[in-house]
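J.: Sequence:
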Amino acid sequence: MTIRLFNTLSGRVEELSPADGRTIRMYACGPTVYDYGHIGNFRTFLQVDVLRRFLRLEGLETRHVMNITDVDDKIIRNAAGAGVPIGEYTPRYEQAFFEDLDALEVEKPEIVARATEHIPSMVALIERLAAQDSAYRTEDGSWYFRIASFPAYGKLSKKDFSGIADGARVDVDEYDKDSARDFALWKSPKDGEYHWQTELGPGRPGWHIECSAMATEYLGDDFDLHAGGEDLMFPHHENEIAQSESASHTTFARHWFHVRFLLVEGRKMSKSEGNFYTLRDLLLKGYKASAIRMLLISVPYRQQLNFTFEGLAAETGAIDRLRTFHQRVRTAPTVSALNAELASETARAGEVFCEALANDLNTAEARAAVFDLVRAGNAAMDAGTLGAENVPQILEVLSRFDRVFAVLEDHDVEWTRFALDWAEREGRLDQVAPELLAQRDLSDEKIQALLDKRTQAKRTRNFALADQIRNELAEKGIVIEDWKDGVRWKRK
RNA sequence: GCACCGGUGGCGAAGUGGCUAACGCGCUGGUCUGCAAAACCAGUAUUCGCGGGUUCAAUUCCCGCCCGGUGCUCCA
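Whatever position you read off the first sequence (first residue = 1), add 72 for our numbering.
For the record, the hints were derived by calculation from the structure and aren't laboratory data. Warning: the hint list may mix true and false statements.
Straight-line Cα separation of at most 27 Å, DSS-like style, residue types lysine-lysine; simulated pairs [said to hold, decoys possible]:
| id | residue 1 | residue 2 |
| --- | --- | --- |
| 1 | Lys262 | Lys564 |
| 2 | Lys227 | Lys180 |
| 3 | Lys562 | Lys525 |
| 4 | Lys357 | Lys548 |
| 5 | Lys180 | Lys230 |
| 6 | Lys262 | Lys231 |
| 7 | Lys146 | Lys262 |
| 8 | Lys340 | Lys230 |
Quick list of simulated restraints, FRET-style, between CB atoms [what the hints assert, rightly or not]:
| id | residue 1 | residue 2 | range |
| --- | --- | --- | --- |
| 9 | Asp303 | Ala546 | 39 to 45 Å |
| 10 | Asp293 | Glu86 | 17 to 23 Å |
| 11 | Thr457 | Leu514 | 40 to 46 Å |
Where a beta carbon is used, it is the ideal one built from N, C-alpha and C, also for glycine.
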């Protein structure tokens with residue numbers, strides 16, 4: 073199937089295909105590991121995950137590189153504040169980042185590259201630029217990229233810098249560089265800052281150079297796709313293009329994928345608005361990892377998603393319904409005759425699912441197709457017309473769905489427990505929802521004992537006692553369901 | 001201020017120059033139940049921010065306005 077995706081560079085929806093016919097070589101800007109990731113960060117990583125999962129569903133391979141920025145101004149500042157070297161400061165946040173990705177079922181890229189482990193590649197790239205006068209050194213020993221040397225500058229973000237590129241020199245004294253727009257490739261150390269001794273002199277890399285160097289090292293001078301949040305378009309990605317193409321004299325990335333920012337409760341997310349949430353904040357409030365994933369991927373990546381707690385609750389319900397259906401299809405009684413109408417609805421759901429994703433990753437339409445199948449399937453099961461042959465067909469579509477959405481398998485309880493353990497270690501139990509805290513002291517055995525007591529009460533028609541036990545458990549977030557074959561319960 | 005994107009039912013949203021405007025959640029009713037819960041079924045926008053225009057026909061195209069968001073000195 074032809075996969076069509078919006079390309080920021082051309083401003084149009086275009087076919088995405090691997091240059092070599094089978095492997096998509098892609099680079100996605102990763103995190104700066106100075107703090108815990110927030111839901112805005114994760115929307116981007118999740119949408120890239122949806123893309124790579126879909127590419128693989130379509131039979132392509134992926135060679136996906138993600139960088140870890142483990143040296144930059146914020147890290148240096150925070151590490152200094154904590155009184156530790158940056159090499160001791162960043163690993164815990166990098167680890168936390170990957171734990172969060174695990175909780176969100178984000179597949180790990182084939183290659184994860186740390187900036188601090190690729191200094192020689194960056195130095196080599198800067199030297200190549202310097203050799204052709206695209207880079208220059210300033211008084212203090214820093215190196216800058218000369219934007220005037222790259223006429224195409226601005227082609228990604230559609231900005232016109234021709235006025236500057238004309239060679240008109242801006243005030244040199246103020247910036248100590250030739251043009252105000254020129255950006256740092258290599259920063260000389262200020263009073264005792266951490267630095268590397270290199271052929272360029274002592275210093276540390278600028279932010280943009282790490283991505284250029286690592287992308288090229290693992291993917292070659294030109295590759296298929298480059299991804300990131302919309303804010304990175306300018307200047308970060310523009311600068312990557314300038315550096316890389318100046319050095320290689322070929323196209324850097326052919327396709328550029330940018331994920332839109334989200335709103336939280338209708339407002340832009342910011343610490344001052346009080347609507348800034350990390351993944352862990354939400355888990356401790358009692359929201360499930362799967363619901364967070366579902367909400368963040370269900371709105372197509374170019375739309376401005378409004379992230380709300382009501383939406384989170386809605387997705388929890390939607391996932392329950394899907395999981396219940398999945399289970400029901402596997403265990404429902406069947407008849408020998410194929411339900412032809414259901415078979416054709418199943419086939420259509422499978423087709424629409426892939427077509428929607430192939431059409432610029434329309435996740436909303438894709439999941440709608442699956443819910444259509446859920447309704448049709450349930451109706452057939454209610455009517456007792458589910459054919460034995462219908463079952464594998466439906467399961468195949470669900471499997472297809474889940475290879476991209478990854479929400480059918482229930483790992484929610486373990487991730488919530490993980491977050492609770494983390495909160496305890498960090499002394500953050502005060503941030504945990506009371507319901508979750510109450511549940512912590514409630515072992516499965518205790519719950520079972522209470523349920524037995526309730527069943528006994530019901531048997532003697534002592535409904536007042538039975539309901540009292542049910543209410544007590546409900547207050548602690550334990551939901552009871554009386555089924556024909558016995559009592560089931562779950563942690564809400 | 002300049003540039004770009006969006007404004008669809010109670011909420012999140014898909015979509016299209018003309019077919020009953022998807023889907024999820026919620027809500028209402030029903031089946032089931034001691035009552036619930038869960039599950040299932042049914043119903044739930046004469047209408048797509050506001051005003052004008054183009055057209056046989058606009059939510060869908062154009063113009064203006066209002067509102068939200070993003071970028072314009074490294075926030076996904």
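J.: It remains to establish, for every hint, whether it holds in the given structure.
T.: Hint by hint, here is what the structure shows:
no.	hint	verdict
1	Lys262 to Lys564	violated (52 Å)
2	Lys227 to Lys180	violated (31 Å)
3	Lys562 to Lys525	holds (17 Å)
4	Lys357 to Lys548	holds (14 Å)
5	Lys180 to Lys230	violated (32 Å)
6	Lys262 to Lys231	violated (33 Å)
7	Lys146 to Lys262	holds (14 Å)
8	Lys340 to Lys230	holds (24 Å)
9	Asp303 to Ala546: 39 to 45 Å	holds (43 Å)
10	Asp293 to Glu86: 17 to 23 Å	holds (21 Å)
11	Thr457 to Leu514: 40 to 46 Å	holds (42 Å)
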